[in-house]
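Protein sequences, first through last, are from chains P, W and D. If you use the working numbering, the first sequence corresponds to residues 1 to 436, in order. If you use the working numbering, the second sequence corresponds to residues 1 to 436, in order. If you use the working numbering, the third sequence corresponds to residues 1 to 436, in order.
FYI, nobody ran anything at the bench for these hints, they're computed from the structure. C-beta: ideal position from N, C-alpha, C; glycine also. One should not assume that every hint holds.
[Unchecked claim] Calculated lysine to any residue pairs in the SDA-like style (CA-CA distance at most 25 Å, straight line):
(1) D:K335 <-> P:Y78
(2) D:K116 <-> W:D359
(3) D:K333 <-> P:A122
[Claimed, not checked] Not close to chain D: a few residues of chain P, all C-beta gaps over 12 Å, as computed:
(4) N288
(5) D292
(6) H299
(7) G355
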Amino acid sequence: MLTAPDNDLLTLTGPDQPMGQYFRRYWQPVALSRELPEPDGPPVRVQVMGEKLLAFRDTQGRVGLVEPVCPHRGADLYYGRNEDCGLRCVFHGWKFGVDGKAVDLPNVAPDSNYHKTMAIKAYPTREFGEIVWAYMGPRPDDGRLPEVPMLEFGTLPASRRYVTKKRQECNWAQALEGALDTSHFSFLHMPAPGVPSNENADAPADERRLAWIRRDPMPKFSILDHDVGFVVGGARRADGQDIYWRTAQFALPSHSTTPSTLPGENYFGYTFVPIDDHACWIYTYVWNPERDLTQEEIHQLKSGHGVVAEVDEHFIPLRNLSNGYLLDRQEQKHKTYTGVRGVAEQDAMIQESQGRIADRTREHLTATDAAIVRFRRTLIAGARALAQGIEPQAPWRHQAYRLRSGSWIAAQGRSFEDIMQERFGSVTGHIDQACA
Amino acid sequence: MLTAPDNDLLTLTGPDQPMGQYFRRYWQPVALSRELPEPDGPPVRVQVMGEKLLAFRDTQGRVGLVEPVCPHRGADLYYGRNEDCGLRCVFHGWKFGVDGKAVDLPNVAPDSNYHKTMAIKAYPTREFGEIVWAYMGPRPDDGRLPEVPMLEFGTLPASRRYVTKKRQECNWAQALEGALDTSHFSFLHMPAPGVPSNENADAPADERRLAWIRRDPMPKFSILDHDVGFVVGGARRADGQDIYWRTAQFALPSHSTTPSTLPGENYFGYTFVPIDDHACWIYTYVWNPERDLTQEEIHQLKSGHGVVAEVDEHFIPLRNLSNGYLLDRQEQKHKTYTGVRGVAEQDAMIQESQGRIADRTREHLTATDAAIVRFRRTLIAGARALAQGIEPQAPWRHQAYRLRSGSWIAAQGRSFEDIMQERFGSVTGHIDQACA
Amino acid sequence: MLTAPDNDLLTLTGPDQPMGQYFRRYWQPVALSRELPEPDGPPVRVQVMGEKLLAFRDTQGRVGLVEPVCPHRGADLYYGRNEDCGLRCVFHGWKFGVDGKAVDLPNVAPDSNYHKTMAIKAYPTREFGEIVWAYMGPRPDDGRLPEVPMLEFGTLPASRRYVTKKRQECNWAQALEGALDTSHFSFLHMPAPGVPSNENADAPADERRLAWIRRDPMPKFSILDHDVGFVVGGARRADGQDIYWRTAQFALPSHSTTPSTLPGENYFGYTFVPIDDHACWIYTYVWNPERDLTQEEIHQLKSGHGVVAEVDEHFIPLRNLSNGYLLDRQEQKHKTYTGVRGVAEQDAMIQESQGRIADRTREHLTATDAAIVRFRRTLIAGARALAQGIEPQAPWRHQAYRLRSGSWIAAQGRSFEDIMQERFGSVTGHIDQACA
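Required output: the full structure, derived from the provided sequences and hints.
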């Protein structure tokens with residue numbers, strides 16, 4: 001439970017909000033690289049943390065991210081011409097490069113100062129992991145920017161990953177909380193009561209794991225902090241005296257990885273990016289550090305699988321709020337817990353059902369909400385510190401973002417640290433570059 | 001005409017408004033019983049007086065009416081599982097009975113106080129006359145609730161009635177005023193000028209009555225108060241020296257019966273229930289105390305007839321504000337007064353045309369608006385009294401709601417009391433249980 | 001650039017705004033005459049400067065323009081019956097003439113004062129040039145109203161003109177600024193770079209003119225004030241030592257004529273009428289003072305041509321904001337400057353792209369924006385003066401609105417006054433009645 005002011009502090013990321021300032025210290029995904037497939041192609045409207053921007057790939061392949069308002073008469077540069085290393089307004093031909101500086105002002109007298117000073121707001125961009133990232137914060141005094149976080153999927157050959165995104169009609173924070181809350185698997189993603197665990201084709205894992213998860217609605221949670229966030233482990237009884245561990249990563253400010261992966265299986269992760277305070281993009285990535293994804297896996301992911309939703313050409317989930325997620329009450333009664341197809345869609349349904357911004361003042365949390373509580377404290381502390389002038393350090397630890405999480409089965413009585421060391425080779429889940 | 005504050009006082013029924021408090025002393029229709037056809041069926045979203053609620057029929061057939069927000073993390077219980085005598089949130093399995101009390105909290109430690117105290121807001125419900133009623137007010141000190149009003153249609157065998165509802169896109173009060181204003185029949189529901197009275201197939205009564213109504217646009221009104229409201233009679237010249245009386249009932253806080261019924265004919269009534277301040281449900285019922293409705297009558301009512309609108313599966317009128325009521329200007333010129341098909345639809349058109357909330361500060365009322373004036377005074381006085389701590393008595397007079405109204409033809413010079421006594425056997429139109 | 005208060009002052013035309021008061025000193029187009037084709041036909045909803053009104057043509061062919069709210073109970077007179085020289089409310093039959101006075105109140109006692117005093121707000125109307133005009137301001141002390149401005153197209157036989165309108169989703173002022181800004185032709189309406197000037201079938205003029213316009217993005221502007229506004233001339237290099245002049249008229253408060261017409265060609269003009277602060281109607285007229293328009297020209301204009309947009313039966317452009325103007329990025333790359341078909345549609349796209357109300361506080365104007373600056377100063381001065389009690393004189397100069405503008409090719413070094421005299425026979429572009 002949060003007070004109303006703390007709920008605002010956690011959730012609001014507009015430019016003038018404390019959390020908005022905090023988020024702007026980190027590189028943010030703003031588009032998939034494939035949304036800008038070619039040099040001089042059509043510019044693309046994007047909205048990030050309430051800011052309406054325009055992305056375009058120039059003649060040399062560089063991506064510009066600019067405020068789309070021509071400073072001459074306020075025309076929308078979206079309608080502009082992307083050509084010859086710049087974006088030209090079609091009203092009177094003013095033209096700007098990817099850095100926002102004017103490169104041509106055809107109706108301005110040659111001796112005007114405008115030619116030197118005129119510019120539009122532009123944010124630095126990078127491409128990494130098939131995603132265009134932007135740095136939308138202030139430039140540090142020495143001019144040096146942090147580097148894009150080295151999320152493992154981005155460091156691999158493209159053949160070993162699948163990267164996409166989906167739109168969600170709610171605030172970023174409750175979507176992220178859904179990712180950190182691995183206890184809800186005991187309900188939301190299960191078969192209907194009475195249906196054997198091996199009958200749900202949409203289930204995220206095999207029959208034994210499902211049975212363990214189903215049997216224990218109250219896993220015991222342990223949390224380990226690290227340089228850029230924390231890892232959380234949920235322990236449930238497995239068969240015999242064994243414990244079934246499911247671990248998930250949180251990395252600042254809004255990255256997460258999923259808990260089901262056993263060694264050799266594909267890893268899944270997401271980055272939650274506010275569109276505005278009432279909607280977010282969830283960039284979702286699947287990777288396998290050891291082998292290429294198969295054609296069948298790619299095909300499956302394109303049709304929606306696990307936390308990857310089935311989306312249309314605009315990355316809007318096909319089963320969404322506006323069509324009631326195509327919830328089928330007969331399916332819900334006799335087959336699956338929700339009557340909604342797809343783990344990603346079930347998550348979206350329940351997260352969007354909390355309201356555009358979840359009202360955390362009326363909650364009644366329990367011990368299984370441990371990771372959610374830690375997440376909120378971490379973010380609120382970071383934003384508060386920044387408001388007092390203390391810059392966050394995580395943005396400068398880009399190598400610390402090589403993180404994995406997943407499942408492990410181990411004997412009773414062992415510590416979370418032991419489990420992490422045994423499963424990932426490090427207590428925090430950090431992966432040495434060499435072992436990727 | 002009302003002042004702006006009085007217009008607010010009359011029309012606004014949110015929980016914090018004086019009229020909202022007053023309405024909450026009365027049982028309110030919240031759904032048709034057939035919207036919850038089976039035990040453990042899908043829950044149904046309802047909105048009553050601005051409150052967003054969820055109705056569900058549990059395993060034992062009882063109807064729960066609850067606030068649809070899970071107190072754990074705020075997920076919407078609409079997506080929940082209605083099973084084993086309760087509604088279960090699909091996020092983490094919290095489950096609540098029709099009384100709102102938690103019956104299962106699977107992720108809460110056994111020794112937690114939550115198991116005893118956790119509950120969601122729930123309102124008592126009853127079923128009467130194929131309608132689910134709820135009491136949304138405070139429970140009196142002695143714990144005893146009033147009983148549901150014994151509207152006559154509800155006391156009859158189902159074969160003698162037809163019960164439905166229709167949505168209207170305006171405040172409840174102006175819709176009810178339309179029902180009490182029987183003078184508008186001389187215009188709104190008539191054939192076009194020049195068209196004989198027997199040519200309008202949609203007309204609510206036979207040719208003579210139509211001719212009398214048409215001929216006299218200024219009926220003389222008499223009003224008699226009774227325990228739960230009042231009855232109004234409008235007197236027009238009939239043939240020769242006869243007077244054609246049309247009477248209508250108003251019962252607190254928002255019930256009404258219609259004026260056309262002659263002995264032996266079907267009775268019609270409605271209850272106006274605020275969805276919010278800008279829309280209402282009009283529960284509409286047809287009954288014949290003496291015989292079953294015929295198959296032909298039922299068929300006719302299902303396709304819209306008289307004050308029963310033609311509606312879709314969501315009880316939205318087919319001819320409505322969004323499609324301009326399918327008004328046909330050629331029909332209006334040559335056939336009917338409005339060019340809109342259906343008495344109910346004509347009423348909806350004109351009432352919705354007054355705006356979402358009619359602006360009563362700019363009106364110019366006349367003598368034919370007598371019942372409207374009495375209605376406003378009665379409601380405003382009741383809400384004002386309650387605000388001063390004086391509880392209304394009508395909710396406790398549930399037997400007094402057995403009321404009829406209709407038409408009568410009588411010699412000139414007789415009093416309204418005489419007419420009521422002769423037509424209904426009582427001055428107020430109250431029907432003895434025996435004579436039903 | 002304007003301050004925020006001045007931007008409001010310029011753009012807002014509601015009844016209580018200074019510019020709203022100023023506009024109400026002038027006759028305003030409120031409908032095309034053909035929207036009210038017959039006596040006693042259906043009334044038509046219109047909205048002008050934020051006021052929701054109803055226009056109807058009565059039995060004698062007169063056009064009434066009234067507030068559509070029946071003063072009895074507030075029903076919408078739009079649903080009323082237009083018959084026997086008045087509009088009758090279908091609720092209780094109250095009837096009003098084109099002057100707004102009650103002519104029948106059937107449910108009002110014969111001795112009531114209502115019969116003398118009851119009225120609805122009504123504005124005087126005139127028809128001129130196939131347009132219904134209204135005077136929505138206060139009646140001067142002597143009761144005399146100004147006359148409708150004698151725009152030339154309205155003085156000609158109907159066979160010599162084509163009159164239509166189009167809706168635009170932005171404030172009136174930025175649309176008008178687009179008309180006065182003839183410098184944008186060098187970009188917005190051009191072929192794509194590299195495409196010869198003779199390949200764009202939508203181009204507003206012939207190849208030579210296009211080439212001159214394209215070659216010179218920075219015409220030199222001259223402005224001459226006159227009794228009812230000003231004329232602006234833009235001078236570009238033509239072939240050899242010649243200058244290509246393009247002139248445009250501005251007439252108070254919101255009329256304009258276009259710059260391309262050479263002697264013998266058709267003239268084009270428009271009047272910008274606020275619907276509310278966020279949308280406007282652009283009444284658009286084409287005329288030839290010397291000959292009838294040909295069937296081919298009429299056909300072409302009906303399908304959209306030059307500043308005449310291609311519109312649907314409600315005068316909504318087919319290529320509009322809601323469908324992205326059907327912008328084709330391939331066309332934009334290889335054929336036309338914008339990828340949008342139609343000069344009118346290109347204008348609408350760029351003007352609507354400035355926002356519902358252009359933010360003039362962030363502009364950076366140049367010398368080519370001279371006419372825009374003059375327009376703003378003129379309007380703001382007029383509204384300010386009126387707010388101080390100084391009535392504008394232009395409304396009383398209806399003969400001064402016979403104005404033409406267009407193109408001329410002349411030797412270098414001649415003054416704008418000379419050009420106007422040579423091209424139009426007067427320095428201001430005013431046309432003597434005789435020479436029409």
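The hints, checked one at a time:
1. Distance hint between K335 (chain D) and Y78 (chain P) is fulfilled; the C-alpha atoms sit about 18 Å from each other, no more than 25 Å.
2. Between K116 (chain D) and D359 (chain W) the alpha-carbon distance is near 24 Å, which keeps this suggested pair within the 25 Å criterion.
3. As the CA atoms of K333 (chain D) and A122 (chain P) are separated by approximately 24 Å, the hinted pair is consistent with the 25 Å bound.
4. Every CB of chain D lies more than 12 Å from the CB of N288 (chain P), the least distance being 36 Å, so the non-interface label holds.
5. At the 12 Å boundary, the C-beta of D292 (chain P) stays outside the reach of chain D, the nearest C-beta of that chain being 34 Å off.
6. No Cβ of chain D approaches the Cβ of H299 (chain P) within 12 Å, the least distance being about 30 Å, so the stated non-interface status holds.
7. Every C-beta of chain D lies more than 12 Å from that of G355 (chain P), the closest at about 29 Å, which supports listing it as non-interface.
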